[in-house]
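Asks: Residues per chain are reported as follows:
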Amino acid sequence: DTAVSQTPKYLVTQMGNDKSIKCEQNLGHDTMYWYKQDSKKFLKIMFSYNNKELIINETVPNRFSPKSPDKAHLNLHINSLELGDSAVYFCASSPRGGGNTIYFGEGSWLTVV
Amino acid sequence: SQQGEEDPQALSIQEGENATMNCSYKTSINNLQWYRQNSGRGLVHLILIRSNEREKHSGRLRVTLDTSKKSSSLLITASRAADTASYFCATLYSGGGADGLTFGKGTHLIIQP
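The listed protein sequences correspond, in order, to chains A and B. At position 28 of the first sequence (counting the first as 1) the number is 28 in our numbering, and the numbers step up by one without a gap. At position 46 of the second sequence (counting the first as 1) the number is 46 in our numbering, and the numbers step up by one without a gap.
Be aware that one or more of the hints could be misleading.
Here are a few chain B residues that face chain A, going by a calculated C-beta distance under 8 Å [claimed, not checked]:
1. HIS45
2. PHE103
3. LYS105
Computed spacing ranges between beta-carbons, pair by pair [what the hints assert, rightly or not]:
4. ARG50(B) - VAL12(A): 34 to 44 Å
5. GLY16(B) - TYR10(A): 35 to 45 Å
6. LYS41(A) - GLN14(B): 19 to 29 Å
7. PRO61(A) - GLY40(B): 21 to 31 Å
8. LYS41(A) - THR64(B): 22 to 32 Å
9. THR13(A) - GLU55(B): 46 to 56 Å
These are computed hints drawn from the structure, not numbers from a lab. Quick caveat, the model's predicted, so the values are computed rather than measured. Even for Gly, the Cβ is constructed at its ideal location relative to N, Cα and C.
Kindly produce the complete structure, drawing on both the sequences and the hints.
Replies: So, in structure tokens, the structure goes:
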């Protein structure tokens, strides 16, 4: 039983394309996140989202947009992909926001060529 | 800027030895958490220590917290090959906008058989 699942696991695409990564959690959590992990393993929060509020990290380009059709899903859309977008993207969830334990998906490896 | 910094960046020890990793952070916290990431996988929560706690144990894991020095340590006793992974400390940091855990760059631990 996968708690936080994201697809695809691997994605190779060309510069300028638009792509999406889907995420679903079956934990009943209120808050979901997207994190980006670069080649040096530095993990950076991109968004946090609950039923009421989307909070965007101020450094995230507006080419990135999260979309939540319902409480259990938070998809990540990326427009006009750039080489620097290549990274591993992790979806995660927690029972509440703030400093609570976070449950991560297995990651989506995005390579922009 | 990132909240937590792990030290050392990499650590290689023999199986059966103890491994100690350190984490320093910048601002006041409610709690500090440690996570493990196996190669190619998502992060998994290991242990949470609250700001009013000084030490916590979970199996072979021992975590200490010194709020006066803004530092924490993770000790893994009697290490096993399966402990080979990257270990991250995480604290809540809201300064960048998104309300969620902020991770350091991690300590890459290698257990040699």
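Asks: Now, for every hint given, state plainly whether the structure supports it.
Replies: Verification of the hints:
| no. | hint | verdict |
| --- | --- | --- |
| 1 | HIS45 | holds, 5 Å |
| 2 | PHE103 | holds, 4 Å |
| 3 | LYS105 | holds, 5 Å |
| 4 | ARG50(B) - VAL12(A): 34 to 44 Å | holds, 43 Å |
| 5 | GLY16(B) - TYR10(A): 35 to 45 Å | holds, 36 Å |
| 6 | LYS41(A) - GLN14(B): 19 to 29 Å | holds, 24 Å |
| 7 | PRO61(A) - GLY40(B): 21 to 31 Å | holds, 26 Å |
| 8 | LYS41(A) - THR64(B): 22 to 32 Å | holds, 24 Å |
| 9 | THR13(A) - GLU55(B): 46 to 56 Å | holds, 48 Å |
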